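Asker: Each chain, letter by letter, is given below.
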Amino acid sequence: MTKLHVSTTINGEPVEFLCEPSDTMLDALRGPLGLTGSKEGCASGDCGACSITLDDRLVCSCLMLAAEAEGCRVGTIEGMARGGELHPLQQKFLEMAALQCGICTSGMLVASEVLLKRNPDPSEEEVRFWLAGNLCRCTGYDKIVRAVLDAAAEIRETAQ
Amino acid sequence: MGEESQGTRRQGRWETTMTDVRYLVPRTLDEAIRAYAAAGSAARILAGGTDLLVQMRSGVAQPGLIVDVKKIDEMMAIAETADGGFRIGAAVSGAVLAEHPRFGKVWPGVLEAVNLIGSKQVQGRASAGGNLCNGSPAGDSVPAMVAAGATVMIQGPQGSREMAVADVPAGPGRTNLRPGEILVSFALPPRPRGSGDAYLRMIPRTEMDIAVVGCGVSLSLEGGVCVAARVALGAVAPTVLLVEEAAKALIGSRLDDAAVRAAAAACSAACRPIDDKRGTIAYRTRVAGVLLTRAVAIAARRAGGN
Chain A
1 MTKLHVSTTI
11 NGEPVEFLCE
21 PSDTMLDALR
31 GPLGLTGSKE
41 GCASGDCGAC
51 SITLDDRLVC
61 SCLMLAAEAE
71 GCRVGTIEGM
81 ARGGELHPLQ
91 QKFLEMAALQ
101 CGICTSGMLV
111 ASEVLLKRNP
121 DPSEEEVRFW
131 LAGNLCRCTG
141 YDKIVRAVLD
151 AAAEIRETAQ
Chain B
1 MGEESQGTRR
11 QGRWETTMTD
21 VRYLVPRTLD
31 EAIRAYAAAG
41 SAARILAGGT
51 DLLVQMRSGV
61 AQPGLIVDVK
71 KIDEMMAIAE
81 TADGGFRIGA
91 AVSGAVLAEH
101 PRFGKVWPGV
111 LEAVNLIGSK
121 QVQGRASAGG
131 NLCNGSPAGD
141 SVPAMVAAGA
151 TVMIQGPQGS
161 REMAVADVPA
171 GPGRTNLRPG
181 EILVSFALPP
191 RPRGSGDAYL
201 RMIPRTEMDI
211 AVVGCGVSLS
221 LEGGVCVAAR
231 VALGAVAPTV
241 LLVEEAAKAL
251 IGSRLDDAAV
261 RAAAAACSAA
271 CRPIDDKRGT
281 IAYRTRVAGV
291 LLTRAVAIAA
301 RRAGGN
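From first to last, the protein sequence lines stand for chains A and B. Just so we're aligned, residue 1 is where the first sequence starts under the working numbering, counting upward by one. Just so we're aligned, residue 1 is where the second sequence starts under the working numbering, counting upward by one.
Careful: at least some of the hints might be erroneous.
Quick list of in silico lysine-lysine cross-link-like pairs, DSS-like style, CA-CA up to 30 Å [as the list claims (entries may be wrong)]: (1) K71(B) to K105(B); (2) K277(B) to K3(A); (3) K105(B) to K70(B); (4) K143(A) to K117(A); (5) K117(A) to K105(B); (6) K70(B) to K117(A); (7) K105(B) to K248(B); (8) K70(B) to K3(A); (9) K71(B) to K117(A).
Some residues of chain B that are not near chain A, with every Cβ distance over 10 Å (derived) [said to hold, decoys possible]: (10) S41; (11) G49; (12) R294.
A short, non-exhaustive set of chain A residues, derived as facing chain B with CB atoms under 7 Å [as the list claims (entries may be wrong)]: (13) P21; (14) A43; (15) S51.
The set of hints was computed from the structure by calculation and includes no laboratory data. Note that the coordinates shown come from a computational prediction; the quantities given were computed from them, not determined experimentally. The beta-carbon is built from N, C-alpha and C at its ideal position, and this holds for glycine as well.
Can you make the complete structure from the sequences, with help from the hints?
Answerer: Structure below.
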């Protein structure tokens with residue numbers, strides 16, 4: 001089997017890797033690339049635990065072939081904190097206990113970050129609709145939604 | 001999940017899908033068609049991949065060749081044509097279509113339908129072309145496209161041809177595309193003043209579900225009189241249905257209660273649904289008329305504003 005050679009950018013860094021033609025991006029991230037922050041929940045695009053950005057657009061890495069990353073910009077949860085400093089969303093998730101087992105958390109954070117870049121002041125309803133593709137078995141969602149709204153408010157204040 | 005269970009799963013997937021699969025990213029349509037036609041039934045088109053990758057994972061699809069069409073200009077373009085119509089590449093994602101400055105203003109119902117397919121993550125990838133070619137009777141974009149009177153441009157080894165969207169589905173999971181043919185783009189007709197469209201679906205949840213019934217309506221008004229209408233239903237028959245009797249009941253009326261009731265009855269009469277855990281035959285048949293009534297009201301309001 002001939003492996004494919006893929007040149008891409010992950011969290012701002014140029015990266016090259018080899019993959020099988022049918023490997024998903026999630027396979028590549030969690031395998032050869034060693035970026036295990038993206039989780040596999042359902043492997044069918046229903047749960048959002050593997051959420052990443054592809055050219056700044058939110059996608060499920062389980063529904064994307066690794067080969068499709070060629071020439072694209074990939075963003076994962078590993079690129080969210082700046083140095084040792086957590087992103088306000090990460091900080092609020094910790095402070096407000098918006099996670100329990102943690103499997104959904106990286107997907108929730110990646111999806112929420114894309115939302116706040118597009119809409120810095122979302123309503124609760126907008127947050128809930130945006131995160132409809134991210135499933136959580138633990139929290140009942142309420143703490144997650146409140147953490148996202150609080151983080152949004154904090155980011156807005158900091159920006160002023 | 002431990003290393004062991006993941007290893008086992010990977011092995012299982014390779015066994016079902018890893019038989020000499022090749023991945024190709026053609027830059028032109030001709031190149032894509034040559035490779036796709038040469039590989040015969042072993043080849044699959046990859047647009048957003050939100051159906052294909054799930055099918056590969058489950059073993060339903062075991063392609064020998066994957067043709068990624070997202071580097072082909074015609075399949076990724078959105079263009080407003082000189083006559084006021086739109087041409088949309090078959091692989092354009094719902095998210096990209098939603099960001100177009102004009103499309104959602106001219107065809108709000110079609111855009112709503114496309115944007116109902118899956119989550120935000122799925123919207124980042126899934127396309128109307130994929131939704132149509134997947135052949136599901138419940139695909140949300142299809143009734144809206146049929147109501148809009150959209151056509152598709154198809155290209156294959158024997159050249160290109162145009163087909164009404166309504167004629168593409170052949171049955172659950174099947175289309176009327178011939179071997180080697182690729183669905184390239186959708187064409188939506190010019191919109192007369194006083195036109196509006198709408199798509200509604202019934203699901204038991206608020207998000208992330210498959211239509212139990214879907215209804216698309218497109219209509220044009222002149223002085224309050226409906227002068228043109230098209231009605232389409234999803235998830236109530238093996239393919240999406242164009243319901244001409246419902247359109248006839250609306251055309252010539254002022255969309256008064258009697259006309260809309262007659263159109264709703266025509267919708268219910270057209271239903272040939274399955275009975276399953278998501279909806280009984282009686283329920284789907286009844287809801288088809290209810291959705292028609294509501295979709296007509298939305299489309300008429302939009303037509304009045306145009």
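Asker: Indicate, hint by hint, whether the structure satisfies it.
Answerer: Do the hints match the structure? See the list:
{"no.": "1", "hint": "K71(B) to K105(B)", "in the structure": "holds (27 Å)"}
{"no.": "2", "hint": "K277(B) to K3(A)", "in the structure": "violated (44 Å)"}
{"no.": "3", "hint": "K105(B) to K70(B)", "in the structure": "holds (26 Å)"}
{"no.": "4", "hint": "K143(A) to K117(A)", "in the structure": "holds (21 Å)"}
{"no.": "5", "hint": "K117(A) to K105(B)", "in the structure": "holds (24 Å)"}
{"no.": "6", "hint": "K70(B) to K117(A)", "in the structure": "holds (25 Å)"}
{"no.": "7", "hint": "K105(B) to K248(B)", "in the structure": "holds (26 Å)"}
{"no.": "8", "hint": "K70(B) to K3(A)", "in the structure": "holds (21 Å)"}
{"no.": "9", "hint": "K71(B) to K117(A)", "in the structure": "holds (27 Å)"}
{"no.": "10", "hint": "S41", "in the structure": "holds (18 Å)"}
{"no.": "11", "hint": "G49", "in the structure": "violated (6 Å)"}
{"no.": "12", "hint": "R294", "in the structure": "holds (20 Å)"}
{"no.": "13", "hint": "P21", "in the structure": "holds (4 Å)"}
{"no.": "14", "hint": "A43", "in the structure": "holds (6 Å)"}
{"no.": "15", "hint": "S51", "in the structure": "holds (6 Å)"}
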